[in-house]
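**Student:** Each chain, letter by letter, is given below.
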Amino acid sequence: MKLTLKIWRQKNFNDKGGFVDYTLNDVSEDMSFLEMLDVLNESLIIEGKEPIAFDHDCREGICGACSLLINGVPHGPEKATTTCQLHMRKFKDGQTIWVEPFRSKAFPVIKDLVVDRSAFDRIMQVGGFVAVNTGSSPDANATPIPKKNAELAMDAAACIGCGACVAACPNGAAMLFVSAKISQLALLPQGQAERKKRALDMVKQMDDEGFGYCSNYYECEAACPKSVSVRFIAMLNREYLNATMLK
Amino acid sequence: MILDAKIPSGAIQNKWDQYRAEMKLVNPANKRKYKILVVGTGLAGASAAASFGELGYNVETFTYNDSPRRAHSIAAQGGINAAKNYQNDGDSIYRLFYDTVKGGDFRSREANIYRLAQVSNNIIDQCVAQGVPFAREYGGYLSNRSFGGAQVSRTFYARGQTGQQLLLGAYSALSRQIGAKTVKSHVRKEMLDIVIINGQARGIITRDLTNGKIESHWGDAVCLATGGYGNVFFLSTNAQACNVTATYRAYKKGALFANPCFTQIHPTCIPVSGDHQSKLTLMSESLRNDGRIWVPKNRDDKRPPNQIPEDDRDYYLERKYPSFGNLSPRDISSRAAKEVCDDGRGVSNTGYGVYLDFSDAINRLGRSVIEERYGNLFEMYERIVGTDPYKEPMMIYPASHYTMGGLWVDYNLMSTIPGLHVLGEANFSDHGANRLGASALMQGLADGYFVIPYTIGHYFASNKFDKVTTDHPEFKKAEEEAREKINKILSLKGKKTPTAFHRELGKVMWDKVGMGRNEDGLKEALQLIPQIREEFWQNLTVTGTNEDLNIVLEKALRVADFLEFAEVLAWDALERRESCGAHFREEFQYPDGEAKRDDENFTHVAAWEYTGVGNKPVRHQEELVFENVKLAVRSYK
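Protein chains in written order, with the numbering used here: chain A, -1 to 245; chain B, 3 to 639.
None of these hints come from the bench; they were simulated from the model.
Errors might be hidden in some of the hints.
[What the hints assert, rightly or not] Straight-line alpha carbon distances no greater than 27 Å define the calculated BS3-like cross-link-like pairs of lysine-lysine that follow:
| # | chain 1 | residue 1 | chain 2 | residue 2 |
| --- | --- | --- | --- | --- |
| 1 | B | 215 | B | 618 |
| 2 | B | 322 | A | 47 |
| 3 | B | 525 | B | 498 |
| 4 | B | 299 | A | 14 |
| 5 | B | 632 | B | 618 |
| 6 | A | 202 | B | 183 |
[What the hints assert, rightly or not] Just a sample of chain B residues kept apart from chain A, beta carbon distances all over 10 Å, derived:
| # | residue |
| --- | --- |
| 7 | 19 |
| 8 | 62 |
| 9 | 123 |
| 10 | 214 |
| 11 | 321 |
| 12 | 347 |
| 13 | 353 |
| 14 | 372 |
| 15 | 394 |
| 16 | 420 |
| 17 | 534 |
| 18 | 603 |
| 19 | 605 |
| 20 | 616 |
| 21 | 626 |
| 22 | 627 |
Here a beta-carbon is modelled for each residue, glycine too, at the ideal position from N, C-alpha and C.
Throw the hints in and build the complete structure from the sequences for me.
**Tutor:** Spelled out as structure tokens, the structure:
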């Protein structure tokens, strides 16, 4: 296939940045999107030009590192598919593809398509855990957990922390990300002791990081590569309300 | 050099408990006086760092990714073993110990493995307490499934993303310590060297990947939890950035590297589709619980799989190994796949593929049960290959996946460099010549939660530590060496990219040091690797500068280390004149094609000592004594 890529290049955070055109011939349908960028990068290096920097690692859709806005959509056109799992058979010969970093004030650009998502780690550090020291635990089967709750907790726990929800949201909210961890732990007996504190602390950190507010667009769920559901945002709203009302 | 594994005396079931009762401790109020550097934040690193922080030590963690949660442990799929015997099917600590020793083809240390089996139960307890959403039965209790090499159902899992959930559990514990300020987290920083002062590991040098800054970090001990070196084959199931740099640099500074040739090829991965391929995607071993592996009986049978009737199919694992069938261990299953493909009966357009077929299970259990067990894996396959595994069989082929070899460690998980501890896949210890499925997750967390927090305390309480700052000349020297190497790489004005060299190395390794090895091939590899390395230092091309995020420079530094390390691997494969586990020497096999061990001459660990780049390293031996498990021919028939 022949494709025209318009890729965002930016030297560093202070550089204004801009789109650069690249024409690719002979793109194989079996290639993944990132493999296509690898091939492009190899030819740029040979020409002595700086290759395009982008975050990636596992290439299996599970680490959450890859984070490209493809034709304006986080992770591109396929539902429930990360950038690294997107294969070129989903594009047409002759197509033009716009490639940008995730756009958010809370995710400053480091270079080209690489952004800083440490805001997510800081939110986890204030409450995304059960405070149990190593060795302090009872037998694993001591507390039965209804299968339904375990499955729902797993649905929430499937979040890979990529930030697509933030990039998709017109307000730049991180609600889906925060709700995933809060809901997982709220659904499990192990999360009960700190349930209120967790909701208050994580939401406060989320606000302090500069993310926007939720007005129910649901773009986040549509863009999420792991199909995390907005029902968890509803759950987060209830957790937060309970936490503020019922001290 | 005498390799003293420091195995405690006494009956095997008492060794660890007795050792812990007698070991020296650090007073709770004194723990904050010690600083521990942890490199790598996967299962072993994150669990260790979190546990250290909880105990009151000062900790600094380092990862080259943008967050600790991106470590490649996240991609592990199928499950984690433990000897709970919840299924009442005959499991016990002893049986898990025995299965692991046998699975390792009698080339591992009994005492370490028994301890592993003992703490396996504590691991599950800890993970559940953290809120890890393991699969459960309707009554609310934990589910189990079977993995290769075991006849009990002892594997705990969370759909096909167990590694993710376990790592996120450890990451959440680590996050809590970072928030509590017992742990300082460094991200996008890659370790380039360790620093030894007065014979003790007292620090590391890192490169900040965003701006190239070379920094020194001091500590009272260093823990490497930097994963495996499977990417020496270029194509593997590892993540793109996974590399051998941290352990290899430690090796160059005096840490012995053990059994590097024990590299595991996983039997069920998605086959290569073209030259552009950047990695091979794992299809979890757990799929072999329900999938049946087959190829056409007839070489000329090119019919689509759904049109080939039962009688024309060769379910070769069920045929060759009736007791274990599709759940035969990985080394055996991989070689069997290679055998049928070399025989011309492979499928896929390259001829290097076999079928993994779920039609029987779907008919028997219904699609929704299969979906619940493996949902995400089936979707992953469909995205990559474009066919629907609910309707046609998956095509799979073996690929480099895990490395049993690693830095040599004693019973305390300490290397031959005092103070340098090695955890998880980065060390060599527990799996012998072949790792069983679902035991890597077990080992990483065992090392991090339940072994190193004890043994590092014993190290601190047993030794004196001079005060050290990063102004010490050894740090300055190491920083200079790092800068020199970077400048040298940046000065090369050749024509070949780092990836091109990596690919070339990988091909030599896969062809000659891969699933089937022989003397001629290995000697040839030992000629070719130095040639590629020499060309690298003359013909490499790198763009950009050091003072910037430079993906080419990052890759070049990692490939440079692979080009030296690959030789150590090949030497090890050449000198181990037997077949055992994942190491198959074509000259040493039984008439039926099974691996032939030489217990008289090779019941030992080969630990290599660096003598200079391109020089043959010195081979030391740690004799392995089996007091509790009788050495036997390892049969899964």
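**Student:** Next step is simple, just say for each hint if it's right about the structure.
**Tutor:** Outcome of the hint check:
{"no.": "1", "hint": "B:215 with B:618", "verdict": "violated, 34 Å"}
{"no.": "2", "hint": "B:322 with A:47", "verdict": "violated, 54 Å"}
{"no.": "3", "hint": "B:525 with B:498", "verdict": "holds, 26 Å"}
{"no.": "4", "hint": "B:299 with A:14", "verdict": "violated, 63 Å"}
{"no.": "5", "hint": "B:632 with B:618", "verdict": "violated, 34 Å"}
{"no.": "6", "hint": "A:202 with B:183", "verdict": "holds, 19 Å"}
{"no.": "7", "hint": "19", "verdict": "holds, 14 Å"}
{"no.": "8", "hint": "62", "verdict": "holds, 15 Å"}
{"no.": "9", "hint": "123", "verdict": "violated, 8 Å"}
{"no.": "10", "hint": "214", "verdict": "holds, 12 Å"}
{"no.": "11", "hint": "321", "verdict": "holds, 32 Å"}
{"no.": "12", "hint": "347", "verdict": "holds, 24 Å"}
{"no.": "13", "hint": "353", "verdict": "holds, 17 Å"}
{"no.": "14", "hint": "372", "verdict": "holds, 16 Å"}
{"no.": "15", "hint": "394", "verdict": "holds, 17 Å"}
{"no.": "16", "hint": "420", "verdict": "holds, 25 Å"}
{"no.": "17", "hint": "534", "verdict": "holds, 18 Å"}
{"no.": "18", "hint": "603", "verdict": "holds, 41 Å"}
{"no.": "19", "hint": "605", "verdict": "holds, 35 Å"}
{"no.": "20", "hint": "616", "verdict": "holds, 27 Å"}
{"no.": "21", "hint": "626", "verdict": "holds, 30 Å"}
{"no.": "22", "hint": "627", "verdict": "holds, 31 Å"}
The structure fails to meet hints 1, 2, 4, 5, 9 from the earlier list, while all remaining hints are met.
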